[in-house]
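Novice: Based on these hints, arrange chains B and C on the given structure of chain A.
Spelled out from the first residue to the last, the chains are:
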Amino acid sequence: MASSGLSTSTFPVLVASLREHAPLVHCLTNSVVQEITANVLLAAGASPVMADSPLEVEEFASKADGILINSGTPTRDSLDAMRTAIATANASNKPWVLDPVGIGAARFRTEFLYSLLDSHPTAIRGNASEIRALAGEDVVGKGVDSLHDVPGAFNAAHLLAERTGGVVAVSGPVDLIVSPSRSSWLTSGSGLLQRVVGTGCALGGLTAAYLSIPGANAHSAVIAAHAHVGAAGQIAARKTMSPGSFRVAWLDALYEVCPDMVHDLVNVEDTQ
Amino acid sequence: MASSGLSTSTFPVLVASLREHAPLVHCLTNSVVQEITANVLLAAGASPVMADSPLEVEEFASKADGILINSGTPTRDSLDAMRTAIATANASNKPWVLDPVGIGAARFRTEFLYSLLDSHPTAIRGNASEIRALAGEDVVGKGVDSLHDVPGAFNAAHLLAERTGGVVAVSGPVDLIVSPSRSSWLTSGSGLLQRVVGTGCALGGLTAAYLSIPGANAHSAVIAAHAHVGAAGQIAARKTMSPGSFRVAWLDALYEVCPDMVHDLVNVEDTQ
Amino acid sequence: MASSGLSTSTFPVLVASLREHAPLVHCLTNSVVQEITANVLLAAGASPVMADSPLEVEEFASKADGILINSGTPTRDSLDAMRTAIATANASNKPWVLDPVGIGAARFRTEFLYSLLDSHPTAIRGNASEIRALAGEDVVGKGVDSLHDVPGAFNAAHLLAERTGGVVAVSGPVDLIVSPSRSSWLTSGSGLLQRVVGTGCALGGLTAAYLSIPGANAHSAVIAAHAHVGAAGQIAARKTMSPGSFRVAWLDALYEVCPDMVHDLVNVEDTQ
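Protein chains in written order, with the numbering used here: chain A, 1 to 272; chain B, 1 to 272; chain C, 1 to 272.
Same shape as in the complex, but just chain A (with noise of 0.2 angstroms):
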């Protein structure tokens, strides 16, 4: 049951609205979750774009409604790109969006990603150690899996929130999410989400399409990121509770679902 408030009930105005707008994200993203991306994109009524070529992708993301930013792969061009990307958003006020994947667990990704906090994300997603080592604090990562749950991540997050002016998503069994004046926990999903490899990943780049549409409240636009993701976890769970048919039955249910069933089926709570 969702609880009552702001955040649910514009959720589902966003749900079919993203639909409507199928906003056009420009992902620059780790090879591993490159077409889990885009696949999650074209489920839930988004296109995405891929090209990550710095010859080419300042003309790529000033036709893109909004930009996703992963660290899962880095080289020196798809930094430089990433750069690129940056800059030629935040040139024309478009969202982008910042998932530290593996940050702390090496220095030239690390180095990077701290760099980019001056560029103001209009959001951060990531787990809660990722969140944790993006806010300065001592953690180190052996992968990219976290070792920490959401909780303990909460002032990391308002400390990134405050220091960005943007919107940070942490996510984990429930979702935290943060904005300078105001937090919000999330309820939804599914466990074997963490057997799937990329679906984090292609949050991100989800965020970054709800975040694009007209209009659209940035900690309103992050929630309903998650409560689309987090809906369709729950419906696929409750087809399988094996990884392969796992994967298969969330991106049907991140086409199917409906507005008013993503909001039945997570539960918002504001804190502050």
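If you're looking for bench data, these hints aren't it; they were derived computationally from the structure.
Incorrect hints may appear among the rest.
In this list, chains with the same sequence are indistinguishable; a pair is considered to hold if it fits within one copy or across any two.
Said to hold, decoys possible - Under the rule of at most 25 angstroms between Cα atoms (straight-line distance), these lysine to aspartate or glutamate pairs were calculated in the DMTMM-like manner:
{"#": "1", "residue 1": "Lys63", "residue 2": "Glu137"}
{"#": "2", "residue 1": "Lys63", "residue 2": "Asp80"}
{"#": "3", "residue 1": "Lys63", "residue 2": "Asp149"}
{"#": "4", "residue 1": "Lys239", "residue 2": "Glu256"}
{"#": "5", "residue 1": "Lys239", "residue 2": "Asp264"}
{"#": "6", "residue 1": "Lys63", "residue 2": "Glu111"}
Specialist: Quick look at chains B and C alone, frame taken from chain A:
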């Protein structure tokens, strides 16, 4: 119901031939769709190889039966590899297919793609916007999806067929296949193919596979590739209307479909 | 029915151990199969990390429990990264697996792969053509598929096992697993595994996962990896005979299969 005539009587034969010959297709394609392209070729009865380094491409191209050139995520290295693969193909009269993904959206790939027209691709496959842009019409793509309808690309397809001497295929709700002396309209498939990334790119690979069947007429081979993909799309659409399970059912149908079923599921009409 | 003996009595224990330890496997693999390799590791109970930049590889390799080296789409950068990962593994006695994809088809990768034999891979996994080429036999691959049968690679596998001191696995309808002092034949799986790209490459990653279980005997660990994959293939083949749905059912079965079921679905026989 299929109309009578050469094209419809020969493509079931070609579908059977593909499985018999299992041609090796060397795919120089974009990073988003490498996996689905390989899986489509395997399901349909061909054999894929995706080695794309300039250091190796000549050796792999010289062993392949057909070659795919797809410009979805170009880099300086990948374009070098593509030029070498094309030269290798032309030196030994092997078929190669050009899929000008995203032409018009960025100068780097656009100039490269224009330069390939003098290398005489055996076939060109794209959506209506891409075919019109490749023919020099002033259409500007936003991303990689078509903004134009297939009949509107008729003149552009003819111009490209005459200039290159090859077959030009325009993919859409109805496919148009044009040779210097023949035009065919093919009706089949499902709109859900647009909601799964890489189905068009994989069709480019399958077109190269069909063109490499010994003794195949080029125009008929391009029809057979589109008929195989479209018939599988129709079979899949009877099982599901959602993109995750459609992708799975489509791969199954590419493998299962009998040549005679393809004939019954596809309508081909020649004009001129 | 499984035969008795050490190998069959220990691999169910190892399948259970894998899920308990959830080893982190650092995969330096080809661009076509990154996603399925990660999904196979997640489904089987391990944890993948795919960061492959030379700038980061030492840090990720030093945190991993096992490492996969797969030569499917080599570049100068990726080979540099592989050399660093191997040195990191050897410096701390971590297991690493060599999958010599496409050896013999191009000089660049062939010379690189020969040079790795002196670095003592913990295990080598390939098809019969690849194992014979790596052993120096004059076999030339057309692409990445095997042109030879498994028994014909028996001598080559022995030669490589003696030269490297490691375990050598030859994949095919029957798998051959050779150590300097022991040879095992494993019967399981389904021919449909050949119609899905990346199943063999993912098996390489899973082999690294099994080898990193604390206290595991290397020969038994390699058997366990092949048994896990083969048993899942048998389960999947009972549900479907087409490659799209087989891929899904196989991932499900990798996750679902009980250690005792693996034992019942696999036959292992030792010779010598």
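Novice: Checking each numbered hint in turn, tell me which of them this model violates, lowest number first.
Specialist: none
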